[in-house]
Amino acid sequence: MDILRPLLLRAVTLFGVLIAVLVLLAASLGATGFSDRILEATVNEEIRGLRSSLAGSIRDPDELERTLQTRAAELRASYGLDRPWWVRIPGLVTRVLTLDLGDARSIRSYSGSTRIADIILERLPNTILLLTTSTILVALIGIAAGVWLSTRIGSRIDRFITYLAAISNALPTWWLGILLILLFTYRLGWLPSEGMYSVPPPEGGWPRFLDLLRHSVLPVMTLVLVSIGPSIYSVRTLTLNIAQEDHVNVARAKGMPERVVLWRHILRVAAPPIVTGLILGLAGSLGGSILVETIFNWSGMGRLYYDAIAGTPDEGLIVALTFMFTLIYVLARLLLEFLYLVLDPRVRYEEAVGRPA
Amino acid sequence: MRRLSDVLPELLSSAPGKAGTVLFGVLLLVAAYVVLTFPADFGPARWSNPALWGDYPKTAPPVWTNLFGANRPEHRILEARTPTRTDGKVKTYVLPLDYQASQPPTFLSFSVGDVTYQAHPPTVEAVLIRPDGGAVRLYQTVPGGPQPGETPPYRRNFQEPLRVQLETEPTAVEAAYNFLSEKYDPHLNFDEVGRQLPLALFGTVVDGRFVVLKGGYRLEAKVRLDNPQDSVGLVRFVVGGAVYGLMGTDSQGRDLAQGLLFGLPIALAIGLAVSTLSTLLGTALGLVSGYAGGPTDLLIQRAADIVNNVPTLPLLIFVVFVLGAKLWLVLLMLILFSWPGLTILVRSMVLSLRSSPEVEAARALGCSTGRIIAYHLFPHIAPFIFATLIFSAPGAILAEAGLSFIGLGDPTLPTWGQILEQGFRTGAVFNGYWWWIIPPGLLIVLTALAFMLISLGLEPILNPRLRRET
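Chains as they are written, first to last, in our numbering: chain A, 1 to 357; chain B, 1 to 470.
If you are wondering where the hints come from, they were derived from the structure by calculation, not from laboratory data. In this text, a Cβ means the ideal position worked out from N, Cα and C, and glycines have one as well. One should not assume that every hint holds.
[Unchecked claim] Restraint-style ranges between C-beta atoms, simulated for each label pair: (1) A:Arg5 x B:Pro295: 19 to 29 angstroms; (2) B:Phe68 x A:Arg264: 40 to 50 angstroms; (3) B:Phe430 x A:Glu203: 27 to 37 angstroms.
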């Protein structure tokens with residue numbers, strides 16, 4: 001119970017973020033007349049279909065026009081086109097929440113569906129796969145290398161990591177990806193630079209998995225390389241700061257084994273801020289994954305963004321994608337907040353004493 | 001207490017700080033040079049104007065690549081504005097060219113411009129004089145005659161020269177064939193000459209195959225004027241190179257060096273504008289939030305919490321997509337999304353300073369809130385604010401570059417991200433046009449790195465605990 005209350009508070013904030021973003025989306029779509037155009041196009045599409053199907057049964061051209069016009073007016077009313085855009089915001093927000101955004105212009109799902117929900121849900125796991133793999137790798141390597149480095153402060157490798165962290169902050173993820181393609185694909189010819197599977201994809205579970213693994217090496221490597229420097233550096237600094245605290249000295253003075261000191265007195269204390277670091281890095285890796293998918297033609301939602309913008313822009317898809325990315329971000333943050341609460345007893349304690357008895 | 005004036009010595013005392021300051025200074029100087037010498041409408045008027053780049057080689061690597069590999073021809077633009085010699089009515093413009101590359105030119109073009117005549121247009125004839133003494137007539141043309149209702153003097157081709165692409169010009173093919181077959185090889189294949197005209201014009205025939213002939217060439221443009229007052233103000237002969245300039249060209253023949261130079265002041269402006277304004281906003285809100293407390297504090301902190309939790313890039317993509325690709329809009333969005341972190345930090349600093357003896361004394365003396373904030377709170381956090389300002393600049397530069405890279409860059413201002421985007425979209429990575437891909441990214445890194453190195457030098461200010469290590 002104690003742990004749930006602060007978590008609930010965070011959940012409410014994050015839900016507020018989601019709604020704020022959605023209202024922003026709806027308002028900017030409405031105020032610029034974008035949504036009117038999308039809906040108008042949908043109405044026209046339906047009327048065109050109706051015209052060809054009715055042309056056989058209604059012979060009189062005047063009557064046909066009349067029927068179509070009444071139908072168009074009905075459709076406009078049902079889409080809310082007869083009302084101003086701000087009245088429609090709640091409707092649009094609900095439709096985005098349920099991904100009920102109609103059909104994509106030219107992009108199809110692999111099964112051939114034109115529904116935006118189908119296309120996006122098909123791409124979602126691919127994005128999650130890329131994002132989680134790289135985030136977990138960064139966290140693991142960062143913690144292991146950071147702790148190890150904190151015992152070698154001032155050494156050559158320590159200075160190297162310090163500079164690497166600074167350079168990483170100045171390195172565009174996507175450009176690093178391009179460099180890796182130039183090196184590993186075109187110069188060395190070791191790794192594929194495009195897609196998730198070979199064409200045609202290999203048969204069977206294992207060969208297919210290995211093929212996916214091969215294709216994911218470069219994108220994952222790109223995402224890991226740009227965030228590994230800062231990750232190691234921050235863990236190293238945190239560990240170092242805590243290792244200088246009095247309680248660590250006391251533990252050592254008591255003659256505790258170094259391993260116990262490290263795990264129980266340093267890492268246990270460093271865990272919450274390390275998670276905070278992960279939370280802060282999340283926005284960066286999300287943005288990075290959008291661009292990395294674009295570079296490597298990884299058929300996730302980031303690449304979909306690029307495809308939806310290039311050529312004739314597809315408004316429905318872009319709205320849906322913006323929402324989905326916000327959703328992923330908010331959910332991932334909630335997950336990390338939960339982890340934070342589990343790791344940091346102080347939050348629970350304060351919450352417990354703060355409540356009236 | 002650390003003052004703002006302590007920042008510079010602190011910065012210059014560390015190696016990265018020194019390196020960053022020097023790098024930043026160099027970048028500022030180059031940016032100042034660009035701002036002073038480039039036209040403000042460089043984007044639409046030059047960079048995005050294909051007509052200007054017709055006489056440039058397409059996707060040519062930089063000239064200095066010749067140091068490492070093949071002896072590829074440099075790009076040569078030969079121009080004359082006044083005649084070299086005059087024989088009565090015939091004026092000759094001589095354009096000398098020393099050709100030493102082991103490969104033929106990639107293309108040849110000839111242009112005539114700034115033509116003025118009284119009654120009849122002049123006739124222009126281009127002849128290539130080869131090192132072996134051959135004279136090959138490449139082309140003959142007459143600028144447009146008088147239009148009905150026009151009065152003399154007639155002016156022709158002032159805006160856009162009369163331009164001809166020579167390697168597909170039948171006159172040149174025939175003349176080259178006649179000369180080569182007579183002098184070198186009577187069995188020469190006519191179609192072969194047409195297919196490889198630049199090589200035929202700049203080569204000889206050995207065992208039935210063309211070989212580049214090095215040596216001194218010259219193009220003579222013979223202009224026959226009808227009236228002594230008539231004139232031709234521009235004759236241009238372009239020998240298309242396989243390498244170009246310091247940075248090479250893109251697939252439209254654009255000089256990448258120019259585009260890259262123009263991108264520098266934009267990148268610096270983006271970084272500085274966004275970081276300065278978002279730092280100001282963040283500091284102001286943090287000061288107010290921390291000092292005022294109460295409902296104001298709560299409101300600002302809730303707002304910071306929400307904005308802090310918004311993923312920037314997707315929203316940026318969306319807003320730019322809906323409202324149009326304008327640079328100021330991107331900057332505005334970046335500012336609006338980047339203040340919360342600083343606000344939360346400044347607030348916590350103010351909270352601890354608020355109960356300090358200094359502030360309490362000031363309050364007891366009856367200082368106004370504004371005065372307390374300006375004289376007793378702000379100076380304490382100023383160095384920290386300054387360090388944050390520098391630290392947040394690279395993020396803005398990278399965000400704009402990323403946005404440009406997915407095709408949402410401001411089309412009126414060519415940025416490094418856009419150059420990369422065009423390269424990526426047209427397959428420069430696939431084709432290995434590294435000079436189109438690597439320099440723009442490297443410049444982004446270098447610019448962002450200048451800020452990062454400076455902020456590394458300011459690290460003791462950002463994180464005072466680190467001083468204990470040394």
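Verification of the supplied hints:
{"no.": "1", "hint": "A:Arg5 x B:Pro295: 19 to 29 angstroms", "result": "holds, 23 angstroms"}
{"no.": "2", "hint": "B:Phe68 x A:Arg264: 40 to 50 angstroms", "result": "violated, 58 angstroms"}
{"no.": "3", "hint": "B:Phe430 x A:Glu203: 27 to 37 angstroms", "result": "holds, 28 angstroms"}
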